[in-house]
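*Asks:* Each chain, written out:
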Amino acid sequence: MKIFQVFFKTLKKRSVSVIIYFMIFLALSVLMSGNGKKQTEAVYKDAKVKVAVLDRDNSVLSKSLYDYLSNTQKIVEIKDDKQSISDELFYQNVEYVLIIKKGFEEGIKTGKYEDIVENVKVPQSISGKLLDSKIDQYLSELSTYMAAGFSAEEAAKNTLKNSEITADVKLYKVQGASEEKSSAYYYYLYIPYVLIGMLMTGVGSILLIFRKKDLDWRIKCSSMPELRKNSILLLACGVFSFVCWAVFVLLSLLLYRTDILTGKGALFILNSLVFLLVAMSLIYMVSFLVKTLNAMNMAANVISLGLSFLGGIFVPLEYMSKSVVQFSKVLPTYWYVVNNEAIDSFVNTTKQYHTILRNFGIELIFAVLFFVIALYLSKSRAIAQHG
Amino acid sequence: MSETVVKIENLVKNYKNLTAVDHFNLEIKEGEILGLLGPNGSGKTTTLNCLLSLLSFHEGKIEVFGEKMKPESYSLKKNIGVIFQNVAVFDTLTVYENIDFFCGLYIEEKALRKKYVEEAIQFVELGDFKNYYPKKLSGGLLRRLNIACGIAHKPKLIVLDEPTVAVDPQSRNKILEGILELNKQGATIIYTSHYMEEVEEICSRIVIMDKGKNLAEGTAEELKRRIKNNETIYIDIRSLPAEDMDNIRQLKHVYSVEYSEERLTVKCDGGNHNLIHVMDYLQERGISFGRVHSELPTLNDVFLEITGKELRD
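Chain order of the listed sequences is A and B. Under UniProt numbering, the residues of the first sequence are numbered 1 to 387, in order. Under UniProt numbering, the residues of the second sequence are numbered 1 to 313, in order.
Derived by calculation from the structure, the hints in this document are not laboratory data. Backbone N, C-alpha and C define an ideal beta-carbon position, used for all residues, glycine too. Warning: the hint list may mix true and false statements.
To be verified - Derived Cβ-Cβ restraints for the label pairs, each shown as a range:
| id | chain 1 | residue 1 | chain 2 | residue 2 | range |
| --- | --- | --- | --- | --- | --- |
| 1 | B | Lys70 | A | Phe242 | 30 to 40 Å |
| 2 | B | Glu108 | A | Asn348 | 48 to 58 Å |
| 3 | B | Lys70 | A | Leu254 | 46 to 56 Å |
| 4 | B | Gly186 | A | Ile365 | 52 to 62 Å |
| 5 | B | Lys70 | A | Phe8 | 25 to 35 Å |
As the list claims (entries may be wrong) - Listed next, the stretches of chain B that the computed footprint assigns to chain A, with coverage defined by at least 3 CB atoms under 8 Å from CB atoms of chain A:
| id | stretch |
| --- | --- |
| 6 | 52-66 |
| 7 | 76-89 |
| 8 | 104-114 |
Please model the entire structure based on the sequences and the hints provided.
*Replies:* Below, the structure is given as structure tokens:
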């Protein structure tokens with residue numbers, strides 16, 4: 001087991017860079033899972049404006065307007081003088097001051113209600129403009145009732161009653177973006193980026209050291225069978241990769257216990273385990289393609305970021321153009337992300353179950369494909385070296 | 001009679017259109033230090049790589065310890081130690097750990113391995129550096145570590161491919177002394193170099209190689225005897241008439257006389273005291289002369305005469 005020991009001794013020497021990667025990736029992963037969750041918590045909520053009403057008419061209809069505003073906005077009491085209005089607006093105690101002028105009710109009755117209210121509001125306030133329109137609408141309704149022959153009390157009562165009628169608001173969003181995702185979803189979404197980056201700088205660089213021609217040949221000249229050497233190396237890679245993955249799973253248990261200790265949680269873990277196999281095969285393959293440690297570090301960045309951006313980890317798939325999504329389908333990260341979403345929205349239907357299983361299968365096909373390519377590259381390399 | 005340790009018959013190795021080893025034959029007996037001498041690109045390293053089954057070959061037969069050598073001949077490999085031209089150690093392991101690792105590829109028993117590793121460290125005199133990482137070692141110490149990694153398991157056949165390239169004279173002497181010591185301990189050694197002095201100093205038999213061919217083999221003395229030139233005499237003379245040059249050419253053993261830039265060069269093909277005959281002649285003729293010196297043939301002369309070119313590039 002000398003090779004096994006040397007693998008981990010060499011890894012120990014590179015542990016600083018691996019740990020730094022681990023910490024950066026972890027911080028990113030946790031941070032982004034938090035941010036991502038907030039960004040998509042999109043719910044419809046009617047805005048309430050802090051409004052002061054100065055009723056100088058004191059009529060049935062002006063009181064009706066006051067009642068309407070107190071039902072729909074946040075009423076703030078202020079003094080009825082110019083200085084107080086300025087101060088309250090300046091200190092942002094109110095956003096909108098409505099002055100109901102003397103003759104308000106008369107104006108409504110005669111249908112001349114354009115100049116019966118006055119307002120002072122925070123400049124460029126969107127909520128202020130919204131309130132303007134609401135008040136206009138209310139006054140218009142009152143005026144309509146009065147014109148129809150209703151008494152002031154009846155007009156006030158009916159208009160107020162109508163204002164209480166609410167409509168169901170349905171937010172139409174792009175498919176997938178509207179649903180609120182669990183924290184575990186975001187945590188596991190970033191796992192491929194973490195795994196590829198970490199394993200490539202750790203395992204990849206050690207494989208590269210063992211493949212240096214002089215060292216490789218010196219080992220080949222020894223009495224240790226080639227198959228045994230390769231098996232031990234693969235075992236060491238597997239152990240390290242599995243430990244890295246297990247650390248991430250344990251962390252997810254600590255951070256998002258309620259999400260993870262469910263059927264969905266188990267599927268998230270299984271999805272990441274399947275992707276671990278993909279990452280291992282990918283790194284094994286890449287280790288035959290790059291020649292220097294610097295190139296391996298560069299490859300770690302390019303591949304982990306490339307697969308993450310194009311596969312839908314950093315940029316949600318629904319924001320990508322159709323052609324990019326078509327291309328993404330040839331990347332393993334795409335299927336991981338699609339599966340992650342399928343798992344998050346899993347409600348135990350047979351169809352969903354089959355979709356998840358199919359995605360696992362596709363991920364495994366990538367793992368096998370990369371491994372087969374790696375074996376081919378290994379064979380070609382051996383033939384080239386052996387002459 | 002000594003046992004044959006290595007037998008190479010009609011070895012041919014081609015790289016596309018280039019024939020790197022061309023019907024090469026070699027037999028090495030137990031206890032020999034065989035020097036493979038040849039310029040860069042002569043096929044020395046390729047021959048060794050074929051011998052070690054690191055490279056395949058197109059024709060021929062290679063036997064080690066009486067058995068056909070194949071990539072999977074692990075029982076044979078147990079008795080072979082290899083020291084490559086380039087230092088092949090792990091930068092992430094200390095001197096001790098490196099030797100322990102490579103010894104561990106052959107020796108599984110922990111106690112025995114520990115003993116062998118300690119002995120190897122002592123042998124290459126790296127005791128003070130055993131906890132050093134390779135990057136902290138000088139070029140000479142690195143070469144010694146490279147050797148220790150190749151010999152720690154006490155092989156019966158040691159292949160050294162230019163182990164003294166870019167090594168300071170002190171480390172070089174240590175390495176050469178070490179090779180002689182290993183041989184004394186019973187190891188058969190194959191040593192490749194393009195430094196003729198080294199080969200002459202330590203090798204019991206020398207094979208001269210060029211363009212993948214075995215051009216000549218024997219001890220250094222045997223090889224030198226094989227060539228026409230036995231002694232070269234250099235004498236500084238202001239002027240030498242053509243008549244005198246002809247007369248010198250008539251002297252015993254002289255086969256070549258040249259005079260240029262006030263220097264007379266006389267080559268002799270036999271005898272041990274040719275200088276005295278030339279000096280007698282010059283004194284008789286009253287020809288005054290300055291600096292005089294005589295050189296016995298070197299392996300470079302052997303190589304020059306066999307191939308028509310200098311050994312060193």
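*Asks:* Are the hints correct? Go through all of them and say.
*Replies:* Hints, one by one, checked against the model:
Separation of B/Lys70 from A/Phe242 is about 36 Å and conforms to the stated range, judged on CB atoms against 30 to 40 Å. Taking 48 to 58 Å as the suggested C-beta distance range, the pair B/Glu108 and A/Asn348 conforms, at roughly 54 Å. Under the hint 46 to 56 Å, the C-beta atoms of B/Lys70 and A/Leu254, about 54 Å apart, fit the expected range. Evaluation of the 52 to 62 Å hint for B/Gly186 and A/Ile365 yields a pass: the beta carbon distance comes to about 57 Å.
Take B/Lys70 and A/Phe8: their Cβ atoms lie about 32 Å apart, and the range 25 to 35 Å holds. Chain A is given as covering the stretch 52-66 of chain B, and this holds because 5 residues of the stretch bring a CB closer than 8 Å to a CB of that chain, at least three being needed. Given as covered by chain A, the stretch 76-89 of chain B passes the check, having 9 residues with a CB less than 8 Å from a CB of that chain where 3 are the minimum. Coverage of the stretch 104-114 of chain B by chain A holds. Counting CB-CB distances below 8 Å, 3 residues qualify, and the rule asks for three or more.
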